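Could you put the whole structure together from the sequences, leaning on the hints where they help?
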Amino acid sequence: MTVPLSRALAAELIGTFALIFFGPGAAVVQAQTGALGHLGVAAVFGLTVTAVIAALAPLSGAHINPAATFALTLAGKFPRERVLPYVAAQLVGATLAAFVLLALFGRKGNLGATVPAGSVLQAFTLETFLTFFLLLVALRSGRPWVVGGTVALEAAMGGPITGASMNPARSFGPALASGIWTAHWVYWLAPLLGAALAVAANHFLSPREVIETQPQRAQEFVPEGEPV
Numbered sequence: 112m113t114v115p116l117s118r119a120l121a122a123e124l125i126g127t128f129a130l131i132f133f134g135p136g137a138a139v140v141q142a143q144t145g146a147l148g149h150l151g152v153a154a155v156f157g158l159t160v161t162a163v164i165a166a167l168a169p170l171s172g173a174h175i176n177p178a179a180t181f182a183l184t185l186a187g188k189f190p191r192e193r194v195l196p197y198v199a200a201q202l203v204g205a206t207l208a209a210f211v212l213l214a215l216f217g218r219k220g221n222l223g224a225t226v227p228a229g230s231v232l233q234a235f236t237l238e239t240f241l242t243f244f245l246l247l248v249a250l251r252s253g254r255p256w257v258v259g260g261t262v263a264l265e266a267a268m269g270g271p272i273t274g275a276s277m278n279p280a281r282s283f284g285p286a287l288a289s290g291i292w293t294a295h296w297v298y299w300l301a302p303l304l305g306a307a308l309a310v311a312a313n314h315f316l317s318p319r320e321v322i323e324t325q326p327q328r329a330q331e332f333v334p335e336g337e338p339v
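According to my numbering, the sequence shown is numbered sequentially starting from 112.
Calculated directly from the structure, the hints in this document are not laboratory data.
The structure displayed is predicted, hence computed values, not measured ones.
One thing to keep in mind: the hints can contain errors.
As the list claims (entries may be wrong) - What follows is a set of in silico ranges between Cβ atoms, one per label pair, in the way DEER data are often shown:
1) Ala199 to Leu232: 25 to 35 Å
2) Gly151 to Leu215: 36 to 46 Å
3) Ala311 to Ala214: 35 to 45 Å
Even for Gly, the Cβ is constructed at its ideal location relative to N, Cα and C.
Pasting the structure below:
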């Protein structure tokens, strides 16, 4: 049964709100208290994604990421007419969460805004690869704990360099609330490029023919006239 668009959009808004409230929210708490540590922040991101997928995937697919919506559309697994409404819901959810964080904490920790710590080229390349691997995993598995674990892994590795966004909505909300737009284009273009590469890789890795799963009987390989 197809879920009504209104319910799917509500799920995307709520899911993306949760991602920004808990993910960048953890970065803000870390900046204020130092209690979580870098790995703690990465774990919060991963656990949030796991919970959101488990709870909301039956309603909307739990994309909570314009790059994920783009990838699924390219792969032919998502209707094109729902792309813009989904992305709009994701951006609204991210923005609302970021402004809630602003009301709670002020501009502490720049509200988790994603800014390159090195060169723009380094950030662009890293965000492309991070998104590529995340969405390749999502396309080939989709299990909540697998996708959430991948997010935590990549946040642990890439967070200090780029913020490990992999998600234009995740970067957009905190940027709008904090007013920090440094190299913001990187956090749109690189994830979309990574998404396209993930779709291409998944297509290449997927079998074109039915793979034989049962071994043929031994006698089928015995030359005619020889005993089995």
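Tested hints:
no. : hint                         : result
1   : Ala199 to Leu232: 25 to 35 Å : holds, 31 Å
2   : Gly151 to Leu215: 36 to 46 Å : violated, 19 Å
3   : Ala311 to Ala214: 35 to 45 Å : holds, 42 Å
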